[in-house]
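*Asks:* Chains as they are written, first to last, in this note's numbering: chain H, 1 to 214; chain U, 1 to 214; chain F, 1 to 214.
Hint data in this document are derived by calculation from the structure and do not stem from the laboratory. Keep in mind that the hints are not guaranteed to be accurate.
[As the list claims (entries may be wrong)] Here are a few chain F residues that face chain U, going by a calculated C-beta distance under 7 Å:
hint	residue
1	M29
2	F32
3	G33
4	V36
5	L51
6	T56
7	P57
8	F61
9	P64
10	V145
11	L146
12	G148
[To be verified] Which bits of chain H does chain F cover? Going by a derived footprint, with three or more residues having C-beta under 8 Å, they are:
hint	stretch
13	140-153
14	185-194
[To be verified] Taking beta-carbon pairs under 10 Å as the criterion, some of the chain U residues facing chain H (in silico):
hint	residue
15	A5
16	L8
17	M29
18	I47
19	D50
20	L51
21	A60
22	D63
Heads up, the beta-carbon is just placed ideally off N, CA and C, and yes, glycines get one too.
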Amino acid sequence: METFARVLELIGTVAFAASGAMIAMKKRMDLFGVIVLGVVTAIGGGILRDLILGITPPLAFRDPLCAIVATATSILLFIPWLRHRLTHNQRLFEMALHVMDSVGLGVFTVMGIWNALAFAPARSTFLLVFVGVLTGVGGGMIRDVLAGNMPFILVKYVYACASLLGALACALLWKVLPSYAAMLIGSVLVLVIRLLAGHYHWNLPHADDVDYKI
Amino acid sequence: METFARVLELIGTVAFAASGAMIAMKKRMDLFGVIVLGVVTAIGGGILRDLILGITPPLAFRDPLCAIVATATSILLFIPWLRHRLTHNQRLFEMALHVMDSVGLGVFTVMGIWNALAFAPARSTFLLVFVGVLTGVGGGMIRDVLAGNMPFILVKYVYACASLLGALACALLWKVLPSYAAMLIGSVLVLVIRLLAGHYHWNLPHADDVDYKI
Amino acid sequence: METFARVLELIGTVAFAASGAMIAMKKRMDLFGVIVLGVVTAIGGGILRDLILGITPPLAFRDPLCAIVATATSILLFIPWLRHRLTHNQRLFEMALHVMDSVGLGVFTVMGIWNALAFAPARSTFLLVFVGVLTGVGGGMIRDVLAGNMPFILVKYVYACASLLGALACALLWKVLPSYAAMLIGSVLVLVIRLLAGHYHWNLPHADDVDYKI
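From just these sequences and the hints, can you work out the full model?
*Replies:* Shown next as structure tokens:
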């Protein structure tokens, strides 16, 4: 089980690091900017989660593996051949960013619940879901604020909503299924909702511009 | 006393949630963006305060009441009838935002002191005032950074100043008055200073544009 | 030794407060905005560090000295005579900002290591370096996000790189030299790298604009 969570975390780390590195490239940052934004995106959500749960120093500060993997991912994407492929094809770029961000969101949402169960003294469903959502959306939120973009969570189709449903599914299934199954279902659910939302341009009620005079 | 603090907190939660939801509507976000910004504004200051005081997991993660109230407030403001009223009248919008933000600032400033007194081991006046100001301005600061605005605290008439004076009054009066009176006076003081500042366009010394060539 | 660290911290506080105040003046903020941004920049990195290390309430909340020094520095820079000198000479302004920010970066990087050694239970080199870099870049990052600028760490010549090398030097030399020597060498190394980078316009690999179509 420990191994399963570890593998899942590395998948999420690669995905979020890639999303951070891609946004840094879009902003024309140099290699170090790309690495910094990749690493911060990949470990930011987990650091927030650990601060919330009172785990100090946060796990990312004790074990360099995630930081190393995130650094390697960012450098890899900066290799000219790969960078050219990504940055000369708007549709490919948008799609890769969407998928990477969605994978990271799904994985870190359930990783938040996993850590809350292991470390939090009280474990109400509300706490589990809240910590899960915060861990999931935290890395991307820090990434967007640093890059000067409006955070995905505030503007993207059903972003927080997807994380919330995945966290709820994971937290509830935890009681009836083996934990790896609950985590897998929760993270896949987030991913599927996000991909469908992107594909079909799902959106929540949204006031038209004509509604506003301010 | 516990009840008094609880009621005060709910008033601040509604006010800050409304300010977050209004700014989200101004930025043309969808329903979920409005809820997220409302909730983050309402509970952000308190989470910052709890992290500073070493209360983990933060109170907002243990008790869903504030999150629920903030969600309900945000949804309420998104109801078309109310939204139209607000968003078709620039002056009403600005005034409602100013009042809501000021109420939240006043309430959370004294709530910060209340929590610091309950949880902090050392309780110097400096610590109390500092925690009070941080709790007061924290939620709005997170709101403005996420929404891509310059934080109120950096640009609004005597914003941090009002919170500082209210916190100082509350912390000093705590020793001579019943605590609910100290909290009431502190928060009303913040509110009055902010409202007067808005009405009379008070401002601190401010370099004219002609002063600058950079 | 305690005294040496204390003096170093005050130097860093003055430098970072000055950088925050200058950026606030550039953004045409009033006196309170200048003070707030000066203080937040000066103590922000240390607060982040203390949260990461589990030191609650953070040291800056227990001892007002740093906040007072940062406030005084910000007010001093706002005195018309000094402000005019700075804001009427673009080159002087840029250079002063660069030097102040670099001094702060160097000092707080080694202060992070000093505090991590004093408070963290585990003290791997990775943890020390990571905490050092975070403390060094944290204050400036908060300053830039609040002021609505792209953070220096993402766009400036070898910014995080300089902090990383200084932290590494300090953490490794700690084992063989007296601690004040390790801290001095580490912080001077950061400063020298930053100044050389600014002077010679060093930069890391950076994709040309012709590389991009996104």
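*Asks:* A separate judgement is required for each hint: does it hold in the structure or not?
*Replies:* Hints and how they fare:
| no. | hint | verdict |
| --- | --- | --- |
| 1 | M29 | holds (6 Å) |
| 2 | F32 | holds (5 Å) |
| 3 | G33 | holds (4 Å) |
| 4 | V36 | holds (5 Å) |
| 5 | L51 | holds (6 Å) |
| 6 | T56 | holds (3 Å) |
| 7 | P57 | holds (5 Å) |
| 8 | F61 | holds (5 Å) |
| 9 | P64 | holds (5 Å) |
| 10 | V145 | holds (6 Å) |
| 11 | L146 | holds (6 Å) |
| 12 | G148 | holds (5 Å) |
| 13 | 140-153 | holds (count 4) |
| 14 | 185-194 | violated (count 0) |
| 15 | A5 | violated (21 Å) |
| 16 | L8 | violated (22 Å) |
| 17 | M29 | holds (6 Å) |
| 18 | I47 | holds (8 Å) |
| 19 | D50 | holds (9 Å) |
| 20 | L51 | holds (6 Å) |
| 21 | A60 | holds (8 Å) |
| 22 | D63 | holds (8 Å) |
When each numbered hint is compared with the structure, violations occur for hints 14, 15, 16.
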